Amino acid sequence: MTEQTTATSAATSKRQAQLEALIAKEEKARAERMANLKARLEKEQSKTKELAVGMEGLGAVMDQLDDLATKHSVSMLKLLDFLAKQKVGETARVVYRRKREPKAPKEPKAPRKVAAKKVVKK
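Here the sequence shown stands for residues 0 to 121, where the numbers follow numbering that gives the first Met the number 0.
Don't read these hints as lab results, they were simulated from the structure. All clues given are correct.
List time: in silico DSS-like cross-link candidates among lysine-lysine, alpha-carbon distance up to 25 Å:
1. K42 x K27
2. K37 x K48
3. K24 x K37
4. K27 x K37
5. K27 x K13
6. K13 x K24
Since the structure is predicted, the reported quantities are computational estimates derived from the model, not experimental observations.
Turn these sequences into a full structure, and let the hints steer you where they fit.
What follows is the structure in structure tokens.
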């Protein structure tokens, strides 16, 4: 009976050790995943900050271009077309088109009157 109890206790302790090793391995993997996620989050946040700074700079450039267009009494789109031909303002034109006030919706046209077809009897 003592031998059986000893064998059972040895098997139990072996399983316990295996479970503890598995738990430690899982915790290590989890910690590594969390570290990777935090690094990716910080990287994305820095990209967002850089993009925000870039957009502020682009807004300032757009204001300067608007002042230039007003000074020379030219529409902003014509100025941007000119700059696009010079390969300078392709991005600025896209941004300006998005920022521009949306056009008023067109009023629906009146339905056309369809002439009644004449039926010819033979």
